[in-house]
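*Asks:* All chains should be modelled from the sequences, with the hints used to inform the complete structure.
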Amino acid sequence: MLDQNRIMLQGKQEEVMALPAKGHIVVLGTAGSGKTTMALQRAHLLANIPNGGRVLLVTFNRALVKYMCELNPSRNSKLVVENYHKFARGYLSSRGKIPTRNGILSPEEKVHYIEQAVEALREKYPYVSTFHRSKGFFADEITFIEKFGFADLASYTNAERIGRFSANIKRENRKWVFYAYQKYIELRKESGSAYDWDDLALYVYKYLQEDDSERRYAHIIIDEGQDFSPMMIRSLVESVADGGSFTFFGDVAQQIYGSRLSWRDSGINTDKIWRFDINYRNPGTIIAFAKDIIKSEYWKQDEDMVDSSMQIAEGPKPILVRFSSRSQEISWVVERAASFGETTSVVIICRNRADIHLFMRGLKNKGCNAIEINKDTPGYAYNKTVYLSTFHSAKGLEFDNVIVPFLSEDKFPDPETVANATVEEAYANEIKLIYVAVTRSKFGLYMSYSGILTPLFPKNSDNYVFFEEEDAI
Numbered sequence: 105m106l107d108q109n110r111i112m113l114q115g116k117q118e119e120v121m122a123l124p125a126k127g128h129i130v131v132l133g134t135a136g137s138g139k140t141t142m143a144l145q146r147a148h149l150l151a152n153i154p155n156g157g158r159v160l161l162v163t164f165n166r167a168l169v170k171y172m173c174e175l176n177p178s179r180n181s182k183l184v185v186e187n188y189h190k191f192a193r194g195y196l197s198s199r200g201k202i203p204t205r206n207g208i209l210s211p212e213e214k215v216h217y218i219e220q221a222v223e224a225l226r227e228k229y230p231y232v233s234t235f236h237r238s239k240g241f242f243a244d245e246i247t248f249i250e251k252f253g254f255a256d257l258a259s260y261t262n263a264e265r266i267g268r269f270s271a272n273i274k275r276e277n278r279k280w281v282f283y284a285y286q287k288y289i290e291l292r293k294e295s296g297s298a299y300d301w302d303d304l305a306l307y308v309y310k311y312l313q314e315d316d317s318e319r320r321y322a323h324i325i326i327d328e329g330q331d332f333s334p335m336m337i338r339s340l341v342e343s344v345a346d347g348g349s350f351t352f353f354g355d356v357a358q359q360i361y362g363s364r365l366s367w368r369d370s371g372i373n374t375d376k377i378w379r380f381d382i383n384y385r386n387p388g389t390i391i392a393f394a395k396d397i398i399k400s401e402y403w404k405q406d407e408d409m410v411d412s413s414m415q416i417a418e419g420p421k422p423i424l425v426r427f428s429s430r431s432q433e434i435s436w437v438v439e440r441a442a443s444f445g446e447t448t449s450v451v452i453i454c455r456n457r458a459d460i461h462l463f464m465r466g467l468k469n470k471g472c473n474a475i476e477i478n479k480d481t482p483g484y485a486y487n488k489t490v491y492l493s494t495f496h497s498a499k500g501l502e503f504d505n506v507i508v509p510f511l512s513e514d515k516f517p518d519p520e521t522v523a524n525a526t527v528e529e530a531y532a533n534e535i536k537l538i539y540v541a542v543t544r545s546k547f548g549l550y551m552s553y554s555g556i557l558t559p560l561f562p563k564n565s566d567n568y569v570f571f572e573e574e575d576a577i
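Heads up: take any position in the sequence shown, counting from 1, add 104, and you land on my numbering.
Accuracy of the hints is not assured; some may be wrong.
Unchecked claim - With a Cα cut of at most 20 Å, we get these calculated SDA-like pairs of lysine to any residue:
| id | residue 1 | residue 2 |
| --- | --- | --- |
| 1 | Lys274 | Tyr229 |
| 2 | Lys421 | Ser565 |
| 3 | Lys287 | Val232 |
| 4 | Lys201 | Glu318 |
| 5 | Lys287 | His216 |
| 6 | Lys515 | Pro562 |
| 7 | Lys126 | Gly348 |
| 8 | Lys287 | Glu223 |
| 9 | Lys287 | Arg226 |
| 10 | Lys470 | Ile577 |
| 11 | Lys126 | Ala345 |
| 12 | Lys182 | Lys395 |
| 13 | Lys395 | Lys563 |
| 14 | Lys563 | Arg426 |
| 15 | Lys182 | His148 |
| 16 | Lys279 | Glu219 |
| 17 | Lys488 | Asn473 |
These aren't lab readings, by the way, just hints derived from the structure by calculation. These figures come from a predicted structure and were not determined experimentally.
*Replies:* In structure tokens:
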């Protein structure tokens, strides 16, 4: 059974549990509205239907998988909780489609073969300016082709380029990118690799359409569905047994992986959308600040956005502290986190692993054994301790206190992201990282920077308190 002390349904959430165990269901909710709670409860309910079939609960990252497993220790043999790539590898292996030596390129290997493909075509077509664009451009555009499942040049050329303003490529030049994609696939196969991590879903979908055997799962539930690529969703929809159900939980405000395609275009068929606007996690002060982020000129609005309303009492206003140097900022963050970790759960949310390791060293020097949230260490934010996480690994988790350091313009937006995108698109993607971070907090939110504040921060908001370094130490 689920741990009922941790998993409680409230109000309209209970109605989702009563929905039929067949067809397609879409649940959209704001941060803190209990989407993961509902996903777990629905999975548990479906797995306990007498004589019912297997249930798959799938989410985007492995940190959240471990978190879900901790919340659901019952280990029902009919319920499987895993991330998408584990599901995909399992299916391809069952069909004998995974080579004995793995056969999946690493991200670094993928970029290597894309570079080789572009170089070969540059030599063949020296007059084509497209082949002089950056390797980052080609890597991003080929990933776009893979995630959307464009099977031929015509479908790619004529596609609506949702979320691809950054590519800025004329329609007549798209053929050159597609040739690079085809050459990349050729070189990849010659190396003995059948896939990369971004096109596993494309092949899963392809083989499922040829597969007339009985489907393994009667019911499939997606949590954090806004971050799944179109082909991931299509392949999961295709994986449901006849007469079974497919349930999608998501929040477009937290869509931080850039596919930017509505669930409506991914094979989900439903006339009714369940919307949850009550925020059970964040105090009203943090909700107000998060809404100011959404009001930014850099935020791209979406028809599926759900505006949140306050449920729990007011808390302290978020705090922003300006420091004279990066070293002073690091010292303050370490001191604050170590102090909070004695009595609460607190997370330092970082840009990358290098920043995590920087803070980890500082905490160790103070005798604080912090926990890094990654694929091997689950984010059990019920423990009173210090956690370290990237923005992406923090998805779906919650903590008593959240610290977001390094909100300076040299970190936000990320220079590499800007280099491979238009300013408009880079800012639209990066501002969602900040939104995800601030909405992880159940009580306190502490932000800091040195140098110049990122333009993504809602500086004119009345819903935070600003301190200079000398007033915060």
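*Asks:* The structure should be examined with respect to each hint, and the outcome stated for every one.
*Replies:* Consistency of the hints with the structure:
1. As the CA atoms of lysine 274 and tyrosine 229 are separated by approximately 18 Å, the hinted pair is consistent with the 20 Å bound.
2. A C-alpha spacing of about 11 Å is found between lysine 421 and serine 565, which places the hinted pair at or below 20 Å, so the restraint holds.
3. At most 20 Å may separate the alpha-carbon atoms for a hinted pair to count; lysine 287 and valine 232 meet this at roughly 16 Å.
4. Between lysine 201 and glutamate 318 the alpha-carbon distance is near 18 Å, which keeps this suggested pair within the 20 Å criterion.
5. Annotation: proposed proximity of lysine 287 to histidine 216 holds, straight-line Cα distance about 13 Å (limit 20 Å).
6. Restraint check: the Cα-Cα separation between lysine 515 and proline 562 comes to about 16 Å, which is no more than 20 Å; the hinted pair holds.
7. For the hint linking lysine 126 to glycine 348, the alpha-carbon distance of about 5 Å falls within 20 Å, and the restraint holds.
8. For a cut-off of 20 Å, the pair hint linking lysine 287 to glutamate 223 stands: about 10 Å separates their Cα positions.
9. For a cut-off of 20 Å, the pair hint linking lysine 287 to arginine 226 stands: about 12 Å separates their Cα positions.
10. At roughly 17 Å between alpha-carbon atoms, lysine 470 and isoleucine 577 fall within 20 Å of each other, so this suggested pair holds.
11. Between lysine 126 and alanine 345 the CA atoms are separated by roughly 10 Å; this keeps the pair inside 20 Å, and the hint holds.
12. Among the hinted pairs, lysine 182 with lysine 395 is inconsistent with the structure: their alpha-carbon atoms are about 40 Å apart, more than 20 Å.
13. Restraint check: the Cα-Cα separation between lysine 395 and lysine 563 comes to about 13 Å, which is no more than 20 Å; the hinted pair holds.
14. Annotation: proposed proximity of lysine 563 to arginine 426 holds, straight-line Cα distance about 12 Å (limit 20 Å).
15. With a CA separation close to 9 Å, the supplied pair lysine 182 and histidine 148 stays within the 20 Å bound.
16. Between lysine 279 and glutamate 219, the direct Cα distance comes to roughly 17 Å. Compliance with the 20 Å bound is thereby established for this hinted pair.
17. With a C-alpha separation of about 12 Å, the suggested pairing of lysine 488 with asparagine 473 holds against the 20 Å cut-off.
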